[in-house]
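Visitor: The chain contents come next:
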Amino acid sequence: MYVAVKGGERAIENAHAWLAEERRGNTDIAELSIAQIREQLKLAVNRVMAEGSLYDPDLAALAIKQARGDLIEAIFLIRAYRTTLPRFGTSRPVDTAAMACDRRISATFKDLPGGQILGPTFDYTHRLLDFKLAADGEIPDAPLREPEPGDVPHVTEFLNREGLIEDAPNDETPPPDLTREPLEMPADRALRLQALTRADEGFALGLAYSTQRGYARNHAFVGELRIGTVPVEMEIPELGFAIEIGEVTLTECETVNQFTGSKTEPAQFTRGYGLVFGQTERKAISMALVDRALRWEELGEDFEGAPAQDAEFVLYHADNIQATGFLEHIKLPHYVDFQSELELVRKLRREAEASQLQEAAE
Amino acid sequence: MNAYNFAYLDEQTKRMIRRAILKGLAIPGYQVPFASREMPMPYGWGTGGVQVSAAVLTPQDTLKVIDQGADDTTNAVSIRTFFERTAGVETTTQTKSATVIQTRHRIPEDPLTEGQILVYQVPIPEPLRFLEPRESETRKMHSLEEYGLMHVKLYEDISRHGHIATSYAYPVKVEGRYVMDPSPIPKFDNPKLGDMAAIQLFGAGREQRIYALPPYTQVISLDFEDHPFEASKADHPCGLCGAKDSYLDEVIIDDAGGRMFVCSDTNYCTARQAAGHKGKDAA
Chain A
1169 MYVAVKGGER
1179 AIENAHAWLA
1189 EERRGNTDIA
1199 ELSIAQIREQ
1209 LKLAVNRVMA
1219 EGSLYDPDLA
1229 ALAIKQARGD
1239 LIEAIFLIRA
1249 YRTTLPRFGT
1259 SRPVDTAAMA
1269 CDRRISATFK
1279 DLPGGQILGP
1289 TFDYTHRLLD
1299 FKLAADGEIP
1309 DAPLREPEPG
1319 DVPHVTEFLN
1329 REGLIEDAPN
1339 DETPPPDLTR
1349 EPLEMPADRA
1359 LRLQALTRAD
1369 EGFALGLAYS
1379 TQRGYARNHA
1389 FVGELRIGTV
1399 PVEMEIPELG
1409 FAIEIGEVTL
1419 TECETVNQFT
1429 GSKTEPAQFT
1439 RGYGLVFGQT
1449 ERKAISMALV
1459 DRALRWEELG
1469 EDFEGAPAQD
1479 AEFVLYHADN
1489 IQATGFLEHI
1499 KLPHYVDFQS
1509 ELELVRKLRR
1519 EAEASQLQEA
1529 AE
Chain B
259 MNAYNFAYLD
269 EQTKRMIRRA
279 ILKGLAIPGY
289 QVPFASREMP
299 MPYGWGTGGV
309 QVSAAVLTPQ
319 DTLKVIDQGA
329 DDTTNAVSIR
339 TFFERTAGVE
349 TTTQTKSATV
359 IQTRHRIPED
369 PLTEGQILVY
379 QVPIPEPLRF
389 LEPRESETRK
399 MHSLEEYGLM
409 HVKLYEDISR
419 HGHIATSYAY
429 PVKVEGRYVM
439 DPSPIPKFDN
449 PKLGDMAAIQ
459 LFGAGREQRI
469 YALPPYTQVI
479 SLDFEDHPFE
489 ASKADHPCGL
499 CGAKDSYLDE
509 VIIDDAGGRM
519 FVCSDTNYCT
529 ARQAAGHKGK
539 DAA
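Protein sequence lines, in the order shown, are assigned to chains A and B.
1169 is the number of the first residue of the first sequence in the working numbering; add one for each residue after it.
259 is the number of the first residue of the second sequence in the working numbering; add one for each residue after it.
The set of hints was computed from the structure by calculation and includes no laboratory data.
Hints are supplied without guarantee of correctness; some may be wrong.
What the hints assert, rightly or not - Result set (DSSO-like, lysine-lysine): computed pairs, CA atoms no more than 27 angstroms apart in a straight line:
no. : chain 1 : residue 1 : chain 2 : residue 2
1   : B       : Lys-411   : B       : Lys-491
2   : A       : Lys-1515  : B       : Lys-538
3   : B       : Lys-538   : A       : Lys-1499
4   : A       : Lys-1499  : A       : Lys-1233
5   : B       : Lys-491   : A       : Lys-1515
6   : B       : Lys-398   : A       : Lys-1515
7   : A       : Lys-1210  : A       : Lys-1300
8   : A       : Lys-1515  : B       : Lys-272
Note that the structure is a prediction, hence the values are computed from the model and not measured.
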């Protein structure tokens, strides 16, 4: 006797209870605190803030804890929360030239005003597992130095003074808002950058890498990479002036790209741009390379059919929350559709067999 | 869940969605772009349908949610619970007493009536997508009514297989103008789309599109004169209620490959059994 499947509701409740237990793990081991995640897994927190499009280290740490360390799941939690928040207003554009830099390097000039600052980087560490870290986490104090006074000027400004790099004049047009308007093609650069800054890091990395290997090759120099904090200011209508409401850590990457000129533009260097929440330099460099590849049309370059040049391809597939949702939805029941396919395949096979029999008889 | 607005979405968002719905109703079959929100369930799991339902629900409504025709499939349970928590509306499994029905992959067997709203969850709203992957191109094709590609595809099916080899998400033409994806319902359900008394709304969250069929709209499944459209289903009666007119799921019941066929619409099936109908496998 067959009874139609029942009990979805209880199955879901039980699954959730089991999930909560698995998340906690062995209760003999101390529970992770939000502060521990925020302080000691900072780069994970940064990625969740960047791709979740919400600058709040505590919430990102909470999301990572709740998601059992699955960063895409954590990003999803943040996005779903973010969308419910009211909007009080819009901040003024941040001034990255006034950034208090923790790190600032240029690959195009040996030395330059503001200096090269390595900052807290993995770059020159030897990737040897540090077994001492498994035993204790004691660290010696890092040496201190007074920061250089004054702003750190952008490298591209030096090139611009000579007219060697394309000009990037201020544009006062309010940018479109990806989260409040449907994404429609063609997308202007502001919208593309908005999509890229919250794009999946792995996807952006893969696309950027493909441009280096010849799919829309565009040799990029890291003109400058800077990481640090900038103040965020907001115009308060009642006051009539802007006040500082906080500060955020940002990673900014400006690439300087070879350009031998095209039908419409003279030979000069061109720009790719990346700006991402937190210390997230792999993502910021990837973003700058993809940005540059997507600019082929305005620079009068040829479309080579490379994925990184194709704005529709890049923008419609860069969001990991959309991608993972749709990918994973194939776990949902599809037996109605499958049944109709079964009927169709059976019918086609019956007919094929019948015609084979007929041919054999003839 | 008092921290959230009625039916989760804030009123501004609902207004934006209602505008898209009204536009969709005014231009039947046309895909209206809308600023889909991130929902607390994943894209591809009914976020479009959920946003449309949230925008049309009123506190007096009675909601039914089905997936594959059944009220008890896990994702239907999950969406129903979501609205129970966020909207506090009454829910039901009875097609007849629901005012709003959110569905994935099926149209209920009981005919719907005026005053009811059927909300479809749509994965890929663009019927031309698998023929042309670029949205910029397909939008152009719709505006120019350039549907030759679709007819060529159907024709190629016939020349290769002798039939149109599409068994679900079978494309339709609405009021002689827009070619529309009816969502992945089996083609068995296609004839119910046209001339329906209820309002039909289609929501695609990830793809940011809403489209609609107002009541009594002409909806025709694409076909050729010499190869007319044919709604098909498994050629059996339901093993539990004996219905011969309902869409059936095939269930494998033992290790030897034994199988039986049962109604996919669980409400239809249980109502028939309660009325004394019996199939050959019923207890």
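Visitor: Indicate, hint by hint, whether the structure satisfies it.
Guide: Outcome of the hint check:
In summary, the hint linking B:Lys-411 to B:Lys-491 is supported, as the alpha carbons are separated by about 23 angstroms, within the 27 angstroms threshold. Distance hint between A:Lys-1515 and B:Lys-538 is fulfilled; the C-alpha atoms sit about 25 angstroms from each other, no more than 27 angstroms. Note on B:Lys-538 and A:Lys-1499: the hinted pairing is violated, with a Cα-Cα distance of about 32 angstroms set against a maximum of 27 angstroms. This hinted pair checks out: A:Lys-1499 and A:Lys-1233 have alpha carbons roughly 25 angstroms apart, not beyond 27 angstroms.
For the given pair, B:Lys-491 sits about 11 angstroms from A:Lys-1515 by alpha-carbon distance, which is consistent with the 27 angstroms threshold. Restraint check: the Cα-Cα separation between B:Lys-398 and A:Lys-1515 comes to about 36 angstroms, which exceeds 27 angstroms; the hinted pair is violated. As the CA atoms of A:Lys-1210 and A:Lys-1300 are separated by approximately 21 angstroms, the hinted pair is consistent with the 27 angstroms bound. Between A:Lys-1515 and B:Lys-272 the alpha-carbon distance is near 46 angstroms, which puts this suggested pair outside the 27 angstroms criterion.
The structure fails to meet hints 3, 6 and 8 from the earlier list, while all remaining hints are met.
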